[in-house]
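Quick mapping for you: the protein sequence lines, in order, are chains A and B. Quick note on numbering: the numbering used here labels position 383 of the first sequence as 383, and the sequence is numbered without any gaps. Position in the second sequence (from 1) plus 1000 gives the number in the numbering used here.
In silico BS3-like links for lysine-lysine, alpha-carbon gap of 27 Å or less: (1) K106(A) with K77(A); (2) K153(A) with K216(A); (3) K384(A) with K1212(B); (4) K106(A) with K1287(B); (5) K106(A) with K1099(B); (6) K110(A) with K216(A); (7) K187(A) with K216(A); (8) K182(A) with K1099(B); (9) K1188(B) with K128(A).
I should point out that these hints are in silico values taken from the structure, not numbers from a laboratory.
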Amino acid sequence: MSDITEAGPMRAADGTPLKKSLARALRRQKLRALALIAPLLIFILVTFIAPIADMLFRSVENQIVRDTLPRTVAALKDWDAASGEVPGEPVFAGLAVDFQIAAELKNHTKLGSRLNYENPGISSLFRKTGRGAEDIGKTFMDRFVDVNEAWKKSGTWATLFGDDKWLADQAAWAAAKDKDAKEPPFKLREGVADVLPVTASTYRTFARAAQQDGRKSPVDTKPWPVLFTALGQDLANASPESLGALGGENGALVQEVATAVQGFETFGYRDAFLDIDKGWGDLDKWETIKAYSPPYTPGYFLNAADLEKGPDGIQARPEQQRIYVTLFIRTMWMSMLITFSCLLLGYPVAWLLANLRSSTANLLMILVLLPFWTSLLVRTSAWKVLLQQQGVINDVLVWLGLIDDANRLIMINNQFGTITAMTHILLPFMILPLYSVMKTIPPSYLRAAKSLGATNWTAFWRVYFPQSVPGIGAGSILVFILSIGYYITPEIVGGTRGVFISNRIAYHISSSLNWGLAAALGTILLALVLLLYYVYDKIVGIDNVKLG
Amino acid sequence: MKLMNTLLATSTLALSAGAASAIDLTMVSWGGAYQHSQLKAYAEPYMAEHPDVNIIWDESSAEAVAKLRAMNEAGNISWDLVDVTVSDSIRLCDEGLAKEIDFDEALAPAPDGTPASEDFGSTLVNDCFIPQIVYSTTFGYRTDLVGDTPPTTVCDVFDLEKYPGKRALQKRPIDNVEWALYCDGVAKDEIYDVLGTEEGQARAFAKLDTIKDQVVWWSAGAETPQLLADGEVVMGSTFNGRLFSAIAEQNQPIAMLWDMQSYDIDGWIVPAGLAAEREAVVMDFLKFATDTQRLADQAKYISYGPARASSAPLVGKHADLGIEMAPHMPTDPANAGNPHFYDYGWWADNRDDLDAKFQAWLAQ
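All chains, full assembly: derive it from the sequences and hints.
Written out as structure tokens, the structure reads:
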């Protein structure tokens, strides 16, 4: 009876409850297992999952417009593209500052080539404007320097915008002349951003760029002309009271120039830009900039589906630019055809491999594997030699008198060429899984069926074939997925109508540098494969796939 | 004895200094005969003069733009000098991936003292690109397949009645649409104005439509000489150097059609963001490799014209075949009767747009 009083959790030898001790042991085991697979897991994460995630992200990412032209984008919020008029002075004033900064940092051409994907011509507009934009700042610079020579000096700007402590640190650093010590990072003076917001942010960019170069301190770097444009804009908007808050020696300088600014003739930003390039007067350029100002865009995906953003929402692209949907359909359709012809040719070969005497089967196996070990390019080029109009097959047919010399068959640079060459190249991927599945089907089943009265056909179709289906599934998935991603063979033998979507992806990755569009096309391709996989699972069942 | 010691000391010092600064430069080029010409004309003489510099080649110029961008994003530039075409250099310069060059300071003047910027003249097309050679995309034809009247103008390519058979054209819009418009009656200096309009582009494609069924489209420069040699095509466009080697080195029954040859330039860019001491070595090599004599030397190995005006008179004979190279240069007066100057700026703007249209047209 004493057992009952002692009932409670069972305990391990050391007195801890057994449950707890077991859990601890299990956890340790799990951790050990995890540690064992960790190298592989990390490898897959770094080399496979991360790049795919990065690619998915690239297909929607569009921060470059907002990062390069922040003031313009903010001012464009109030502009209505439907108004039919080019944006007003505030937008161009923002552009004047943004563009000069971008040109100093050499970012403007990068943005130009980004927007050129959406609107041809923006690239050269930006390149040309980058060369002329500085003149806007120089106009302001001349006016300021006329008022007081001090504006020319970089020190004036540094004391106006630099934090007192930073200035002291900087001076100490400069005096020390220690090559290894880094210049203290620039710090903006407190309160100056409230009074002169545009200039303060511009100066901060200037100071950071100067420090990043690592050659010169902002205190010694010639001020960018854009600083004068920014200051001119700030002073035009600032109230005299707020300027009083600056105080000190520099406050007096600012107040002096602020009074003078009242006397300047108004600067026409829009006219200045139109002088540099008339393109700034085009409505469609501004529509593009506004449409692509959000940090994320569906633009690449629309483009990948032959759509575009129009004034009334999403619309189809003009007919002479539609290409991707055709290519997607063609890629899918031709890949299925290739898979089917691989199956048709591979099935009997695999059957022979599985059922012949092992010495003969080995020889046959080598014949299957031999082309598999040959370079892909060699095999593709060999098909060129065979299939071309002056090629081996045509020559033989002409020699046999089957075709006329003037009417040689066209078997290459079209879909026939692609399907033939790719079927040959991918055949081993069909034969090998089929073979390994067929090898496991006991030949006695067929004999049993026949001894029970089945004809050859019934025995094959009702008994043998159903057992080989898992091999067909595995081979077909393998061949299909490999073939939709192929691009070198279609490129060489596909001509114009035998190329795949992957050829365009390769073009956008390596040639046009439109990685966003390439990523969108790749994402769609990935989604299509996953969809087909799902459909396959629903119809055939993924459990019915066996590699051996 | 003292002198001896000093001498020994200095030479050891020099040796150790040399060893310390031994540097591997990675140069990127196109491989094949072209890279060989660079090796012979620039790299080997330079390495002979500078034993501390070792030049390694990478044959990645075809993917240079994409690879440089990827390297830049990864923050690790492993190339020191890259051979690219003009259109790629425009992209690289725009993307900030190539260093801007002060030509007169960085490059050697001509022997008579003409500053580099004048000697290179119109081949300097943007701030990052240091030209080497002028090549052209032009036509070659099978002499035995064109009858007694060989083609004389580029418009014969569009004439299926006079010259039946297939033609090889490059699988890209550049050059093809210009030739199409020219043969459709557009004056040479108006081609890009016409091409700038929707109707003009439609007109170019309509002209190409007339031969579309008879065109084999190539994407690698070696394809056309092969297609011509096999008799697959009667005429085809490719780079003039490829045709030269098919004609002069392999004695194929092929002849050149120089009419409306489309000039293009190949040259160096220095990747942006190299370490300062590395960059100094690269710039030193560059100064050597683009001087008048070196550019002229390159023409001994390949039939591409030197980009400097001052190099032209120095072009000599082929290194192995011993034939005069001047008549095989695209810039030779006899060949340059009616050249076409391809508008880099226009194509930089419109390449992607027109390429999409071209691909859609091909797929129709």
